[in-house]
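Taken in order, these protein sequences are the chains called A and B.
Using my numbering, read the first sequence as starting at 1 and increasing by one per residue.
Using my numbering, read the second sequence as starting at 404 and increasing by one per residue.
Quick caveat, the hints were computed from the structure, so don't treat them as lab data.
A few of these clues could be false.
As the list claims (entries may be wrong) - Looking from chain A toward chain B, a few residues come up when the C-beta cut is under 7 Å (computed):
1. 82
2. 86
3. 88
4. 89
Note that the structure is a prediction, hence the values are computed from the model and not measured.
Every residue gets a Cβ at the ideal spot worked out from N, C-alpha and C, and that includes glycine.
2 protein chains.
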Amino acid sequence: MKIIVLKFGGTSVGSIHRIKKVSRIIKSYSKKYKVIVLSSAMSGTTNKLINMSKQISSNFSDYEYDTLVSAGEQISCSLLAGQLLANGIKSKSWMAWQIPILTEGKHKYSRIKYINKTKVLKFLKSGGIPIIAGFQGVDKNLNITTIGRGGSDSSAIMVAKFFKAERCVIYTDVEGVYTTDPNKLKSAKKIKNISYEEMLEMASLGSKIMQPHSIQDARLNRIKIQVKSSFVNRMGTIITKRKNIINNKIITGISSTDNDAKVTLLGVKDRPGIAASIFKPLSQNLINVDMVVQNISSDGKETDLTFTIKSYDLNKTKKIINKNKSINFKKMIFDKNVSKVSIIGVGMITTPGVTFRMFQALATKNINIQVISTSEIKISVLIKKTNVTKAVKCLHQEFNLDK
Amino acid sequence: MKIIVLKFGGTSVGSIHRIKKVSRIIKSYSKKYKVIVLSSAMSGTTNKLINMSKQISSNFSDYEYDTLVSAGEQISCSLLAGQLLANGIKSKSWMAWQIPILTEGKHKYSRIKYINKTKVLKFLKSGGIPIIAGFQGVDKNLNITTIGRGGSDSSAIMVAKFFKAERCVIYTDVEGVYTTDPNKLKSAKKIKNISYEEMLEMASLGSKIMQPHSIQDARLNRIKIQVKSSFVNRMGTIITKRKNIINNKIITGISSTDNDAKVTLLGVKDRPGIAASIFKPLSQNLINVDMVVQNISSDGKETDLTFTIKSYDLNKTKKIINKNKSINFKKMIFDKNVSKVSIIGVGMITTPGVTFRMFQALATKNINIQVISTSEIKISVLIKKTNVTKAVKCLHQEFNLDK
């Protein structure tokens, strides 16, 4: 019998009513599979615990933070196992230290290194359904660790990896991955199959269903993921290898951001190493520079440099650049009224002219492109924020995602 | 430097404000002592978790119950350690399994068997203040256990035992142990010193400050206890060995119960073993029989048997007795309108006439005594519930407890 991993997010186990519902979902798998369940904390719990820690200190100990917040999964997992037992199904909750799920790295941001399968496998073989606490780990000195917000997805992927599961089902409060945000565009369609690479681009570009690093973990370990809703019983979206996907569409999805800012330095001395001298202090201050464009100067002496950052980093960026005397420029201008719109699809690798079609479609709607950046499976453009809805809609049509 | 154990109950750590207050109390000890802290869950947390388990099933798994409710201490201890750290005091939270505090026995009602001192002692010697989760344990198979409601007191006593602490301070929301319930009698006085034996009688007879079994643990291990308030800085009550106490009073305290019921079987066949045949099925059904009195029959053939039980056990008791055909009696009568009033004091061992003084004082107030039971340091009488206040007041005066 094959092993399947089911992971339930916070809203899926957000109340006793939801826990009862989820226990029926788990049972429905138990005839065909050996089931391992991973659960997040009940929605609201983690935030409540974090708020208490903030009331104590804005600089609350990372060590105690991990012990504090991991109590949330202890509560949800024991309740869920208790519910299954009350339904007559053999089940047991497992905290990370009981398995153990060994982590390494810093508190709050640990990474799962090793999962000891012995006890859980014995329980599975005896017909039991283990309910494993997501998000938690334990280090080699028996300290409680956590693996970052949204880390329960990573826990599930890693459990799927170590137990060689056939599939990892991520149960959440949306029905799957959409061609674009269905809250913003009504004609958005659920995607049946998407590749890890596309999903990674979707995730890093603003789609909030899964954290990029858990998709990357799945990609590296070739874990097939299914994202689906625990509220309605529909197919959801499969995230898998490129070659498993038969797709006649060039573009798989469109994403947009709403917290970018554009910085332009005018009259920068055009000499080798100038870009590095600007971006090095930003990177040292953990400011992530996204799109970069440098205009060629007419006289070969001066140039204009434009880049984008997250808008919440704008004040810090201004200070760093103004303080750093080695950066010579005439004027700095900035614009928070910008958004990045991206089209994503493995289909564009083999299809010429995608860039042209994108630019033309935007031009038809009088949308001006400020900055462009591309990767193998993605084209991003920076445009005026007020144009985002119009841009997403016309691109969605242009690449036949409405159908 | 001597070790002191400080234990904080749920109301003492019931909010972030209270945790800040408690952190200052802890600090005040740290100059004179090496401090080990035990904490309960924040008040309300444990009940909230238990209520969730009841919403799942009235027969919620004992195993999962222990995992569920022990999350409460995980939260309070990490917050308290985080608060001390924020104040610049070296501190660290310890869950039972991290130490470990090994328990044996059934889930929900485990007993602490062994505490490994190595890691905590090293931390103490390095100048740290360990914050240990009360109520929790772990068994030899790494299962989470708990040691019963109010078990944090037992945790503190056992930690005090294993670490050879000079004293165990139980911080709570009352100022100490009183001669009688101060909510019921205004002239009740705080007791400065009380023996384990007296405190045990006070605790089992209705005083709610500490669970009897934790006092018994302290008595067996000769741990000096101080009960005091975390809300006001006053001396509190010392619970210690009899010979440490200089007390000129015959009676130390008076307690009363308000949930007793009296059962009388009329016309019971008077033959050897008849009492056993009645009480055996009750004990098998975990019904605790307290006071017993058997009248001598005039003809030697029949007798009347009276006993008291907790009033919540009354219906169960009636059923058991009616079902059991081997018990021959003519009629069963019962009375829920009764209370047990007890005077407690080691002084009565060496003072004759205490019983007489008690009975006479009650007689003066026209209070009829229904059943009597005595131990070496206690005299209990069963009276009408409506007479309790009057009885406690007159006995409090009779034995000079008002002064």
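How the hints compare with the structure:
no.	hint	verdict
1	82	4 Å, holds
2	86	4 Å, holds
3	88	11 Å, violated
4	89	11 Å, violated
Checked against the numbered hints given earlier, this structure breaks hints 3 and 4; the rest are met.
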